[in-house]
Amino acid sequence: MFNKRKFTIVWMAVMLTMFAAGCKKKAAPPPPPPPPERPAEVVKPPVAAAPVVSQFAAEPESIQRGQTSTLRWEVTGDSTSVSINQGVGVVQKTGNQRVNPSDSTTYTLTATGPGGDTTASATVSVSAPPPPPPPPPPPTATVTLDKRLESDVQDAYFDYDKSEIRSDSRDALTKDVAALKNILGDFPNATIVVEGHCDERGSAEYNLGLGDRRASAAKEFLQQLGVPPDRLKTISYGKERPQCSEQNESCWQRNRRAHFAPGQ
Amino acid sequence: MKKLVWFASASLGAWLVLTAQDFGITVSKNREKPKIGIPDFRGAAEAQGFMGAFNQTLWDDVNGAGLFDMVAKTSYPTFAPQQPSDFQASASSAQPARGGGRSMTDWSSPPPQLDYLAFGYTAAQNGVFVLSGWFYDVRPTVSNHQVIGKRYLGTVDEAGARKTAHEFAADIIAALGGKSIFGSHVYFVSKRTGNKEIWAMDPDGKNQRQITHFNSTTVQPAVSPDGSKIAFTSWAKVYPGIFIFSVDPVRDLRYYNQSASVNETPSFTPDGKQIVYASSAGGRCCRIFIAGLDGKGLRPISSSSAIEVEPKINPKTGSEIVFVSGRSGPQQIYKMNMDGADVERLTPGNGEASNPCWHPDGQFIAFAWTQGYATGNFNIFTMDVVSHKYIQLTHSEGRNENPSWAPDGVHLVFMSNRSGRKQIWSMLADGNQPQQLTTQGENESPAWGK
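One line per chain: the protein sequences are E and C, in this order.
The first sequence stops at residue 312 when you use my numbering, and every number in between is there.
The second sequence stops at residue 996 when you use my numbering, and every number in between is there.
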């Protein structure tokens, strides 16, 4: 038992030493044999030949403005650098590059080597594109009146049992003035209905009157800011056409409004 | 017993204005309501197939009158007489079949302990449904027991069976000083087709039929005093405007609306020759106007700058109008003379009050009020327009609105959403015996007419 433990400790110590040694440096491989001596006879190097551009072309050679062409090149022989002008810059000996010149451009490839420079050129001809298709008609011609009212004109909201224009509704209606004038200009034969709505709580009969007052108040406000009154009608729906039916203040507020809709 | 509706006097303490519960329109004068028994009638031959509908109708009508203590059928003797000769004279028989039902005392003594017994039979004879009906005062102290003994005729089908039951029930109710509501009509708004239209039905909810077909929004029916016309409000011609129709046959009488963004809440004058309504004409919505049935001769009555709607003229005096106004803030019920003078607020100013409807006696109104509840949670109240004392008939069982008196002054119809959806209900003037009359779609704004 004791001997076995002692052996284990010794063995571990050896291993630890080896491991620690390994941490310092890799076990050094045997040094390579020294390189053979260069032959004493000096061979005169051959005269370097200039690099050869075996390919440089644009594909396609003719494009329309906005389209792209691909430059392909291959340089053989002894070269130290290859570059293409017109902003392409230094490139590999073999490669391709997409270009989209706005006008006809001649690209020059220069391969430089100990034997001298070699250049080659490729031209991309750029022609004007065909005339663009006619622009889509202005939105007013296709967007319907109710879509315009829905997207451009905000509702005005009211307090419970009130038809006074409160401050947030003043802001909304003030913004609505320009939109309404634009829409009335785009739809010269249309009238716009200012609808008055109420929440569900008061009696239906009273709310029909209250909705009328809300619609009238909104119309009068718009009229004062220059919206032609003869193009605005008012109609009360009381609480007959709610846009939500939940029994909470958030829904009730959504229903206490003046809303804009196409005239009949 | 002859006078059904009377108003118990109440001391006029200031507290009673708020807590008055000891005043009201009482349905029956009797402290003890008469005890009535109606055993199931049997039918001969073809008639038997319709006896389920017959017995149900007879029971419901008599029970619905609110005048009687209906004794349950389970306490009746096993034998039910079908004609007077089925009774054995208790004096002539040495051993009357006590408890069997052949003796009148079997009915007048416990367990049924009746005051009155209805009995009879039906038969299909020569293509006619014939009801032979008797109504007996079975109390031993009475010498002449027979109150009613009569034959009623109908078609041999369920409708004919119901008709004879309605007529027999009406005679029973009348014999004890009441007035049957059978034959009167309830107009109401139903959205069951997808659009709000005017519909009509019998007072028990049967025979529901569509009156208007505008495919618009059509609301607020009112019935003329003779029951021949209805007025209502519709968006059928873009702006909310008034229409007047005859009901039999249904025909547009072409009321001419004055030019206004709102013409609404029409109701007939007691003579049926004009309507009063609310209009935004000549100003803001709305003032109270009066006009002929063709829309001509209109003139404003009220001149307030507030919203004023729902004018109703006192059917007895014809000289005063109750209406709803926001002139003091939240909508309240007011009264004024026909010339717009002597304006008086009837409701105390708290909550919101609406939908006033005159009792036929011209002393009471029923109305909807949120007093004591959250905004929008209306309950039905009645009020003495002279003393301003009121009682509450519904107690927050959903939203309860648009009460309308039956011609008998004992029943009311109203809208309630207590069952989850807006439906038409009836009840007695003391708030008892609520009964749901409609189930299809949403239904509201009932008006009870002749």
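Simulated from the structure, these hints should not be mistaken for laboratory data.
Certain hints may be false.
[What the hints assert, rightly or not] Below are the DSS-like pairs computed for lysine-lysine, each with C-alpha atoms no more than 27 Å apart in a straight line: (1) E/281 <-> C/783; (2) E/210 <-> C/842; (3) E/281 <-> C/581; (4) C/783 <-> E/195.
Taking the hints in turn, this is what the structure says about them:
Distance check on the hinted pair: residue 281 of chain E and residue 783 of chain C sit about 14 Å apart at the alpha-carbon level, within 27 Å; holds. Among the hinted pairs, residue 210 of chain E with residue 842 of chain C is inconsistent with the structure: their alpha-carbon atoms are about 33 Å apart, more than 27 Å. Between residue 281 of chain E and residue 581 of chain C the CA atoms are separated by roughly 63 Å; this puts the pair beyond 27 Å, and the hint is violated. Annotation: proposed proximity of residue 783 of chain C to residue 195 of chain E holds, straight-line Cα distance about 24 Å (limit 27 Å).
In summary, the structure is inconsistent with hints 2, 3 from the numbered list given earlier, while agreeing with the others.
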